[in-house]
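Novice: Listed here are the chains, written in short residue letters.
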Amino acid sequence: KAGVTQTPRYLIKTRGQQVTLSCSPISGHRSVSWYQQTPGQGLQFLFEYFSETQRNKGNFPGRFSGRQFSNSRSEMNVSTLELGDSALYLCASSVYSGSGDEQYFGPGTRLTVT
Amino acid sequence: GQNIDQPTEMTATEGAIVQINCTYQTSGFNGLFWYQQHAGEAPTFLSYNVLDGLEEKGRFSSFLSRSKGYSYLLLKELQMKDSASYLCAVRDSGGYQKVTFGTGTKLQVIP
Numbered sequence: 009k010a011g012v013t014q015t016p017r018y019l020i021k022t023r024g025q026q027v028t029l030s031c032s033p034i035s036g037h038r039s040v041s042w043y044q045q046t047p048g049q050g051l052q053f054l055f056e057y058f059s060e061t062q063r064n065k066g067n068f069p070g071r072f073s074g075r076q077f078s079n080s081r082s083e084m085n086v087s088t089l090e091l092g093d094s095a096l097y098l099c100a101s102s103v104y105s106g107s108g109d110e111q112y113f114g115p116g117t118r119l120t121v122t
Numbered sequence: 007g008q009n010i011d012q013p014t015e016m017t018a019t020e021g022a023i024v025q026i027n028c029t030y031q032t033s034g035f036n037g038l039f040w041y042q043q044h045a046g047e048a049p050t051f052l053s054y055n056v057l058d059g060l061e062e063k064g065r066f067s068s069f070l071s072r073s074k075g076y077s078y079l080l081l082k083e084l085q086m087k088d089s090a091s092y093l094c095a096v097r098d099s100g101g102y103q104k105v106t107f108g109t110g111t112k113l114q115v116i117p
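Which chain is which? The protein sequence lines are A and B, in order.
Be aware that the first sequence starts at 9, since it is given in the working numbering, and climbs by one per residue.
Be aware that the second sequence starts at 7, since it is given in the working numbering, and climbs by one per residue.
Note that these hints are calculated values from the structure, not bench results.
Every residue, glycine too, gets a C-beta built ideally from N, C-alpha and C.
Any given hint might turn out to be false.
[As the list claims (entries may be wrong)] Derived, one-sided and incomplete: chain B residues facing chain A with beta-carbon distance under 7 Å:
hint, residue
1, Gly46
2, Ala48
3, Pro49
4, Arg65
5, Phe66
6, Phe69
7, Thr109
[What the hints assert, rightly or not] Now the in silico label distances, taken between C-beta atoms and shown as ranges:
hint, chain 1, residue 1, chain 2, residue 2, range
8, A, Gly24, B, Gly59, 50 to 56 Å
9, B, Ser71, A, Phe77, 29 to 35 Å
10, B, Thr14, A, Lys21, 26 to 32 Å
11, A, Gly66, B, Val56, 44 to 50 Å
12, A, Gly24, B, Leu80, 33 to 39 Å
13, A, Gln62, B, Glu15, 34 to 40 Å
14, B, Ile23, A, Pro47, 25 to 31 Å
15, A, Lys21, B, Ser73, 43 to 49 Å
16, B, Pro117, A, Gln62, 47 to 53 Å
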C-alpha cells in the first residue's frame, strides 16, 4: 500500500506570495491532519479534515487554510507569506479520527520564504 | 489546552537502556503516542497508550500513568540507529479529537 505523499517536496517563495501544498493520504484513510514543524516550536497542529469537513483547528492565523476533497486528498494554502512561515509542513493520515488511530506521516514539504 | 514537557536532549551508550520521560497537563485526555523522527525524515509511530501500565513492543516499551500525567518511553539494547528525536503526543478528548505534540527529545547514542 502506498504511503502518504506530499507535493511539492521543496518550495521557495518570497514574502507576500501565496502557496498551496498538496497531500494524498493512504488509500482508505479519511482523516488528514496538517502540522507545521520548526526547530524552535516542534510540531504545531494546523488543522484536521475528515470526510471533507474541518473538524479541528490549531492556533494559526486565518492566512492558513485548507480543504479536503471527496477522494480524501487535501490541500493547505498559506496567503501573504511571512518569513516566519518557513518550516517543514507535514501531512498525516489515519483511518478515522478516533482514539488509538495512529497517524502516518508524509515526507513533508520544506517551505522557505525569502 | 495541552501542555507537554520532555527533556530537550539525552545521550546514552550503545547497548544500554534509556528512559525518555514525558509529562503533560491537559484539559482532556484520550491517549498518548510516541513517535520517532530521524533527522530530515517524517515521524514514525512507535506506541500508543490509553490505559495505565506498560506496553511492550520489542526493544521499545511505553508506560502511562494518567493520574500523574506522566509517560515514559524505554529503549533497551540501544543501537546507533536509535539516534533520533522522540516525540510525545497527546490526543485530546471531546467530540473532535486533535493530537498535540511535545517539542521532542533528541537522543544521541554513542559507542
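Novice: So which of those numbered hints doesn't the model satisfy?
Specialist: 1, 4, 5, 6, 9, 11, 12
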